[in-house]
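Protein sequence lines, in the order shown, are assigned to chains A and B. Heads up: the first sequence begins at 1 in my numbering, then just goes up one per residue. Heads up: the second sequence begins at 1 in my numbering, then just goes up one per residue.
Watch out, some of these pointers could steer you wrong.
What the hints assert, rightly or not - Residues from chain B that keep clear of chain A, each with C-beta distances beyond 12 Å, as calculated:
{"id": "1", "residue": "Y46"}
{"id": "2", "residue": "L67"}
{"id": "3", "residue": "N75"}
{"id": "4", "residue": "I118"}
{"id": "5", "residue": "D136"}
{"id": "6", "residue": "I161"}
{"id": "7", "residue": "D199"}
{"id": "8", "residue": "Q246"}
{"id": "9", "residue": "K253"}
{"id": "10", "residue": "L269"}
{"id": "11", "residue": "K272"}
{"id": "12", "residue": "T278"}
Unchecked claim - Here are the simulated BS3-like cross-link-like pairs (lysine-lysine), alpha carbons at most 27 Å apart as the crow flies:
{"id": "13", "chain 1": "A", "residue 1": "K25", "chain 2": "B", "residue 2": "K138"}
{"id": "14", "chain 1": "A", "residue 1": "K25", "chain 2": "B", "residue 2": "K87"}
{"id": "15", "chain 1": "B", "residue 1": "K72", "chain 2": "A", "residue 2": "K25"}
{"id": "16", "chain 1": "B", "residue 1": "K87", "chain 2": "A", "residue 2": "K177"}
Simulated from the structure, these hints should not be mistaken for lab results. Values in this document were obtained by computation on a predicted structure and should not be read as measured data. Beta carbons are placed, not taken as given, at the ideal position from N, Cα and C, and that holds for glycine.
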Amino acid sequence: MGFFEGIAELLTTSEYMGSIFEGLKTTFIISFFAAILGLILGVCVAMVTIAKKSYGTGFSSRLKNVVLGILKAICKVYITVVRGTPMAVQLFIFAYVIFVVRGFPNEIKAIVAFGINSGAYVAENIRAGILSVDIGQTEAGRSLGLTSSMTMISIVIPQAIKNVIPAIGNELIALIKETSIVSMIGMFDLTMAAKIVGSGNNMASYIVPMTVVALFYLAIVYILTFAIKIIEKRLRASDKR
Amino acid sequence: MKKFLAIALSALMLVSCVVCLTSCFGNNEKQEIIVHTNAFFAPFEYYKGTEIKGVDVEIMNMVGEKLGADIKFENTEFSAIIDNVQKGIVCDAGAAGITITDQRKEKVDFSIPYYTSIQYVIFAANDTSVATKTVDGKEYIVWEALAGKTIGVQTDTTGYIYTDGEINATEDNDYGYDGVLYGTNTTCNTYDTAQLAADAIGNMTDVVVIDQLPAQYIVSKNTSLKCLPLYYSGETDADDAPVEEQYAICVTKGNKVLLDAINEVLETLLVKDSDGQTQVDKLVMKHMGLDD
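Turn these sequences into a full structure, and let the hints guide you.
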């Protein structure tokens, strides 16, 4: 059977396409919720890592400094560990070592594992975005009589967002593609669908289904890239460059 | 303000994690038996659409009926099944055409064997370098014929254990004997599934060693491939013996109720009918698609 006949067979067999769409659904669900979890986590961690010590001498300032110090240490360990280990290993440890709970839905295991992974990268992206805004902007805001939080919200963050969007988009794309390893914990995602369609009792060759699934991933990422481009364009409408 | 926000958000994050963790424990009224498998082993277990089907699934469903419990099959990596069953937290049993070996016996309890399989070699039909042997009309391949080849196997299957053993066994190490392929420059490549190994024939591997039924499945759909049984060569041609193994279902050590139920079901299934075939043979035929 030739390659193109194989593709035609796959596209016209409802059972195979059913598997692939079921896999597509799982890939969507995991990447969507993991991305949201990752963004929330990333923002929290970035907030902690850029927060500065309070210079007050009262008890409340000292307490704040202690709490902040602990949080900063946690965030540092979190980012180091998550960025320093491969996603496949993290997923394995998460599913088979930490989350060894009977009947626990695999979807949640995967979403949390990918969310935690994505969060570390998003945190660093946001931190980089905020630090990329010139310190002169903050100084100008403070000289005009704004408080430090007002400066952050109305001057620094609006400029930082523009710098952060491309990096976050990059992370989202990486996240979607990284979900292809969830078949390791027995989940039925797009890559798993390809493996099943290509297994012995179906098409008995991985070559055709893997190619078709690659096109599916490409389509998802292309649509996402397009959406990010539109957002970026709107945000940069006032830029003269 | 910013610090408060940071602290508040982090606290929220922790709380949501804890809530997420605790809210998911529901108590089922009916007992649920979770069985781990690797659904790339037709006809014992395979995906039909998005459902896991196969001989092992039917056997376990009969066990479930006997115990009045729900059977839930979960797909996982083959290499993780024994460890998961040993711990017994996420699953109670493993049914994946698992061969009884001594190492595995130390970790889990096995049921009575329900199927005897032999190892097969898959190779490209136009590959004349694979020497076959024909004795009494039976065509087969002996281990020696695989010397110098790159052998593809599925990770942690018996195909892998045997191949790895024959390549690495020497008088000096734990094996205590020289493997057939020791020192012959033979390499063993491991793949996630046998299908993946078979796809690699011709460029990354020369032959694939896997159990009989999956091999026959793969070959029946790929006309460019051939498969033959794998034999140990004896003193004379008549002494050549196939590489045999027995499949069984494993349960967590000490789970006697489940093990007894499985054994009872298997005993009834293994009684030979008037036509000389057991119910297990018939289930295999049914899932091979050979009965219709």
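For each hint, the structure was consulted:
1. Y46: violated (5 Å)
2. L67: For L67/B, whose nearest Cβ neighbour in chain A is about 17 Å away, the distance exceeds 12 Å, so it holds.
3. N75: Non-interface label fails for N75/B: nearest chain A Cβ at 4 Å, not farther than 12 Å.
4. I118: I118/B is indeed farther than 12 Å from all Cβ atoms of chain A, at 17 Å.
5. D136: holds (30 Å)
6. I161: holds (21 Å)
7. D199: violated (5 Å)
8. Q246: holds (21 Å)
9. K253: holds (17 Å)
10. L269: holds (22 Å)
11. K272: holds (27 Å)
12. T278: Non-interface label stands for T278/B: nearest chain A Cβ at 22 Å, farther than 12 Å.
13. K25/A <-> K138/B: violated (49 Å)
14. K25/A <-> K87/B: violated (32 Å)
15. K72/B <-> K25/A: Holds, because 22 Å separates the two Cα atoms, which is no more than 27 Å.
16. K87/B <-> K177/A: violated (32 Å)
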